[in-house]
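2 protein chains.
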Amino acid sequence: MIKVSVMYPNTPGARFDHDYYRDKHMPLVKARMGESCKYYTVDRGIAGGAPGAPPTYVAMCHIFSETVETFQAGFGPHAEEILGDIPNYTELSPVMQISEVVVG
Amino acid sequence: MIKVSVMYPNTPGARFDHDYYRDKHMPLVKARMGESCKYYTVDRGIAGGAPGAPPTYVAMCHIFSETVETFQAGFGPHAEEILGDIPNYTELSPVMQISEVVVG
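As you go down the protein sequences, you meet chains A and B in turn.
Residues in the first sequence are numbered consecutively from 124, following this note's numbering.
Residues in the second sequence are numbered consecutively from 124, following this note's numbering.
A portion of the hints provided could be inaccurate.
Treat identical chains as interchangeable: a pair holds within one or across any two.
To be verified - Cross-link-like lysine to any residue pairs, in silico, SDA-like; alpha carbons within 20 angstroms at most:
no., residue 1, residue 2
1, K153, Y212
2, K161, G227
3, K161, V226
4, K161, G197
5, K147, V224
6, K153, V226
7, K161, V225
8, K147, E223
9, K161, R145
10, K147, G227
Hints were generated in silico from the structure; no laboratory data involved.
Work out the full structure, taking the sequences as your base and the hints as a guide.
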C-alpha cells in the first residue's frame with residue numbers, strides 16, 4: 124500500500140480553514156476518487172519538536188491507495204476540480220510526497 | 124488523540140537503514156513507551172509530488188498517543204536510550220511535529 128501525503132507549510136498569517144478542509148474538501152477527494160482512495164487521515168499541526176516551537180505543517184492529509192497507479196488513475200481525472208477547491212480554504216501551496224506504507 | 128510525526132529529510136548520499144528502523148528501532152520505541160504509544164506507523168519515501176521529483180522525507184514514523192501529556196510521560200523517561208539508538212540507522216536529524224488527529 125502507498126500513501127500520498129499533502130502537507131501545508133505553517134506560514135505565519137496564512138489562512139487555513141480546518142473546518143472546510145475536514146468537512147468539504149477531503150470528502151470531495153474521497154467522493155471523486157471512490158475506491159481508489161481506500162481511506163484518508165487528516166492532521167492539524169499543534170506544535171514542533173522543541174518546547175514552544177511551532178509545527179512545520181499547519182495541516183496534512185494522507186490518502187491511502189493500493190498502488191501509485193491506482194492513486195493516479197483515481198485522482199488524475201478529477202485533479203482540476205480537486206485542486207480548484209484549494210483556494211476555498213487556503214492560499215498555501217502544499218508539499219506532496221508518496222510513501223510506501225512499511226507499518227500501517 | 125495526537126500523533127507525533129518524526130520525519131527524516133531526504134538528503135542525497137545519507138545513510139538510512141530502513142530494515143533496522145522497522146525491525147529494531149520502532150519496536151524499541153513501542154516496548155519502552157508501552158500503552159502510552161497506542162500504535163505507530165512507518166513510511167518509506169518513494170517520490171515527490173512532481174514527476175521524477177525525490178521525496179521530501181526518506182522515512183517517517185507517526186506515534187499515536189491519547190494526549191501530548193501521555194506521550195511525554197511515556198517517552199521522556201526513555202528519551203536518552205531511544206535517541207541514542209538513532210546513529211544505528213542514520214546520521215540524519217529528524218524534523219518533529221505534534222498534530223491533533225482530526226480524521227484518524
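Status of the hints after comparison with the structure:
{"no.": "1", "hint": "K153 to Y212", "result": "within (17 angstroms within a copy, 36 angstroms between copies)"}
{"no.": "2", "hint": "K161 to G227", "result": "both (13 angstroms within a copy, 13 angstroms between copies)"}
{"no.": "3", "hint": "K161 to V226", "result": "both (16 angstroms within a copy, 14 angstroms between copies)"}
{"no.": "4", "hint": "K161 to G197", "result": "within (11 angstroms within a copy, 32 angstroms between copies)"}
{"no.": "5", "hint": "K147 to V224", "result": "between (26 angstroms within a copy, 17 angstroms between copies)"}
{"no.": "6", "hint": "K153 to V226", "result": "between (23 angstroms within a copy, 13 angstroms between copies)"}
{"no.": "7", "hint": "K161 to V225", "result": "both (16 angstroms within a copy, 17 angstroms between copies)"}
{"no.": "8", "hint": "K147 to E223", "result": "between (27 angstroms within a copy, 19 angstroms between copies)"}
{"no.": "9", "hint": "K161 to R145", "result": "within (17 angstroms within a copy, 23 angstroms between copies)"}
{"no.": "10", "hint": "K147 to G227", "result": "between (26 angstroms within a copy, 16 angstroms between copies)"}
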